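Trainee: Sequence:
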Amino acid sequence: MAIVKVNGSISRTFFDGKGAEVVESWQQGGETRTKRWAAFFEQPHGLSEGDQVEVSGMHGDKVDQWEKEGQTMHTIRRTLNKARVGGSASTSATSNATNEEPWATTAPANSGAVQGYSDAVPF
Numbered sequence: 000m001a002i003v004k005v006n007g008s009i010s011r012t013f014f015d016g017k018g019a020e021v022v023e024s025w026q027q028g029g030e031t032r033t034k035r036w037a038a039f040f041e042q043p044h045g046l047s048e049g050d051q052v053e054v055s056g057m058h059g060d061k062v063d064q065w066e067k068e069g070q071t072m073h074t075i076r077r078t079l080n081k082a083r084v085g086g087s088a089s090t091s092a093t094s095n096a097t098n099e100e101p102w103a104t105t106a107p108a109n110s111g112a113v114q115g116y117s118d119a120v121p122f
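Numbering (numbering that gives the first Met the number 0), first residue to last: 0 to 122.
If you're looking for bench data, these hints aren't it; they were derived computationally from the structure. What you are looking at is a predicted structure, and each value in this text was computed from that prediction instead of being measured. Among the clues, some could well be false.
With a straight-line Cα cutoff of 30 angstroms, these simulated DSSO-like cross-link-like pairs (lysine-lysine) come out [claimed, not checked]: (1) Lys17 with Lys34; (2) Lys34 with Lys4; (3) Lys4 with Lys17; (4) Lys81 with Lys34.
Distance windows between CB atoms, simulated [unchecked claim]: (5) Ile2 with Val22: 17 to 25 angstroms; (6) Gly49 with His73: 28 to 36 angstroms; (7) Glu68 with Asn6: 29 to 37 angstroms; (8) Gly69 with Ile2: 35 to 43 angstroms; (9) Thr31 with Lys81: 25 to 33 angstroms; (10) Pro43 with Met72: 33 to 41 angstroms; (11) Lys17 with Gly49: 16 to 24 angstroms; (12) Gln70 with Phe14: 30 to 38 angstroms; (13) Ile2 with Glu68: 32 to 40 angstroms; (14) Lys81 with Glu23: 15 to 23 angstroms; (15) Thr71 with Asn6: 29 to 37 angstroms.
Using N, Cα and C, we set each Cβ at its ideal position, and we do this for glycine too.
Between the sequences and the hints, there should be enough to build the whole structure, so can you do that?
Mentor: Written out as structure tokens, the structure is:
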């Protein structure tokens, strides 16, 4: 799985504070586009609806199939597992920095690698 970083706003929280939906928005061709991500944390995250956050985690997708007016439609559900809050959040969000990290940090500070993530081969 790839580690993904998402910048967006919290549209809802769930699972007793261990889940949050993050909506990222951008402009493309004069239109506002959005993506919704479900972020699942190991500990309560302290986020509130409307918070602007940066969330990272292990990326996962699931394709849902459904019917609309006789046509088969598909939707992708995007998830961030073992999520953590990074950067600074705008209101009540707190960092999970005091919790044990879900992945190890092995890259030296001057290696050019993203801090907090390992470039080591996982097998």
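Trainee: All hints, please: hold or fail.
Mentor: Each hint, compared with the structure:
1. Lys17 with Lys34: With a Cα-Cα distance of about 20 angstroms, the restraint between lysine 17 and lysine 34 holds, given a limit of 30 angstroms.
2. Lys34 with Lys4: holds, 13 angstroms
3. Lys4 with Lys17: Cα-Cα ~18 angstroms, so holds.
4. Lys81 with Lys34: holds, 19 angstroms
5. Ile2 with Val22: 17 to 25 angstroms: holds, 20 angstroms
6. Gly49 with His73: 28 to 36 angstroms: holds, 30 angstroms
7. Glu68 with Asn6: 29 to 37 angstroms: Holds: the Cβ-Cβ distance is about 35 angstroms, inside 29 to 37 angstroms.
8. Gly69 with Ile2: 35 to 43 angstroms: holds, 40 angstroms
9. Thr31 with Lys81: 25 to 33 angstroms: holds, 30 angstroms
10. Pro43 with Met72: 33 to 41 angstroms: The hint (33 to 41 angstroms, Cβ to Cβ) holds, given that proline 43 and methionine 72 are roughly 35 angstroms apart.
11. Lys17 with Gly49: 16 to 24 angstroms: This hint holds: roughly 19 angstroms between Cβ atoms.
12. Gln70 with Phe14: 30 to 38 angstroms: holds, 33 angstroms
13. Ile2 with Glu68: 32 to 40 angstroms: Given range 32 to 40 angstroms: holds, Cβ gap about 39 angstroms.
14. Lys81 with Glu23: 15 to 23 angstroms: holds, 19 angstroms
15. Thr71 with Asn6: 29 to 37 angstroms: holds, 33 angstroms
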